[in-house]
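Make a model of the complete structure from these sequences and hints.
The numbering used here puts the first residue of the sequence shown at 2, with every later residue one more than the last.
Just so you know, not all the hints are guaranteed correct.
As the list claims (entries may be wrong) - Here are the simulated SDA-like pairs of lysine to any residue, each with C-alpha atoms no more than 20 Å apart in a straight line:
{"no.": "1", "residue 1": "162", "residue 2": "27"}
{"no.": "2", "residue 1": "119", "residue 2": "150"}
{"no.": "3", "residue 1": "119", "residue 2": "153"}
{"no.": "4", "residue 1": "195", "residue 2": "184"}
{"no.": "5", "residue 1": "122", "residue 2": "159"}
{"no.": "6", "residue 1": "60", "residue 2": "27"}
{"no.": "7", "residue 1": "125", "residue 2": "113"}
Hints listed in this document are in silico derivations from the structure and should not be mistaken for laboratory results.
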Amino acid sequence: MEELFDLPIQTKQRNVSSKPFHGYLNHNLYQSFGIDEANLAEKVKDFTQQLWPDHGNQKISETMHVFSKYLLELDVMYSPPPDNDGDDEETKLGLRSHSDKNIITILHQYQVDALETKDEKWFKVKPSQHSFIIMVGDSLCAFLNGRLSSPYHRVRMTAKKTRYSTALFSVPKTGVIIDSPEELMDEEHPRMFKPFEYNNYRDFFNTEAGRIAQSTLHAFCAL
2 MEELFDLPIQ
12 TKQRNVSSKP
22 FHGYLNHNLY
32 QSFGIDEANL
42 AEKVKDFTQQ
52 LWPDHGNQKI
62 SETMHVFSKY
72 LLELDVMYSP
82 PPDNDGDDEE
92 TKLGLRSHSD
102 KNIITILHQY
112 QVDALETKDE
122 KWFKVKPSQH
132 SFIIMVGDSL
142 CAFLNGRLSS
152 PYHRVRMTAK
162 KTRYSTALFS
172 VPKTGVIIDS
182 PEELMDEEHP
192 RMFKPFEYNN
202 YRDFFNTEAG
212 RIAQSTLHAF
222 CAL
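See below:
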């Protein structure tokens with residue numbers, strides 16, 4: 002993964018996408034690449050061909066394809082350590098607090114434990130090095146009528162090491178409506194959310210109203 006993020010900035014910027022939060026992103030202590038349909042070998046090849054136009058990169062292509070062939074989207078992320086030793090929280094946040102908007106996230110972080118989740122207060126997630134972290138996304142929370150919650154989490158860099166991570170995102174197909182089944186609703190569990198299409202929800206999250214909302218899901222479709 003180091004080989005990917007060590008590329009010149011001009012090269013990394015070739016990875017572009019019209020979708021929000023896709024393509025190459027670079028801000029604060031956070032960089033990421035997004036690959037749609039990374040379970041398809043030709044999609045991964047297209048990605049590496051953008052960055053290595055002369056010959057692609059067979060090793061990286063094969064690794065990414067094998068890792069993600071059962072899921073639909075792949076993000077590879079890079080968070081360098083902060084430049085100072087101060088207590089300024091803003092400078093230490095590699096990724097601001099949020100809940101994922103998709104269905105399920107499968108995350109693996111390498112060596113540096115920087116992921117934090119919130120349960121009244123923030124605490125660090127410390128899985129074993131060989132573990133995967135499974136997180137419920139807002140779309141699954143809405144489909145299950147709130148029976149499972151999507152956790153708020155962030156990346157906070159405090160160690161003097163660079164953090165690499167890989168995340169696999171399961172997302173609904175375009176046009177699929179997220180709607181709770183009747184079996185999950187009764188007098189004690191009334192319908193909590195209006196039906197919605199995932200792309201519309203993702204686009205709302207990218208608006209000012211979506212960014213400042215304490216709960217993007219409730220702001221978008223709560224009843």
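- Under the criterion that the straight-line Cα-Cα distance not exceed 20 Å, is the pair residue 162, residue 27 satisfied? Holds: residue 162 and residue 27 sit about 18 Å apart, inside 20 Å.
- Task: Please work out if residue 125 and residue 113 have their alpha carbons no farther apart than 20 Å.
- Result: holds, 11 Å
- For the pair supplied as a hint, residue 119 and residue 153, confirm whether the alpha-carbon distance does not exceed 20 Å. Holds, because 6 Å separates the two Cα atoms, which is no more than 20 Å.
- Message: Can you confirm whether the C-alpha distance between residue 195 and residue 184 stays at or below 20 Å?
- Response: holds, 16 Å
- Hint consistency between residue 60 and residue 27 [alpha-carbon to alpha-carbon, up to 20 Å]: Violated: residue 60 and residue 27 sit about 24 Å apart, past 20 Å.
- Message: Between the alpha carbons of residue 119 and residue 150, is the straight-line distance 20 Å or under?
- Response: holds, 12 Å
- Item | Restraint check for residue 122 with residue 159, where alpha carbons must lie at most 20 Å apart | holds, 18 Å
Checked against the numbered hints listed earlier, the structure breaks hint 6 alone; every other hint is satisfied.
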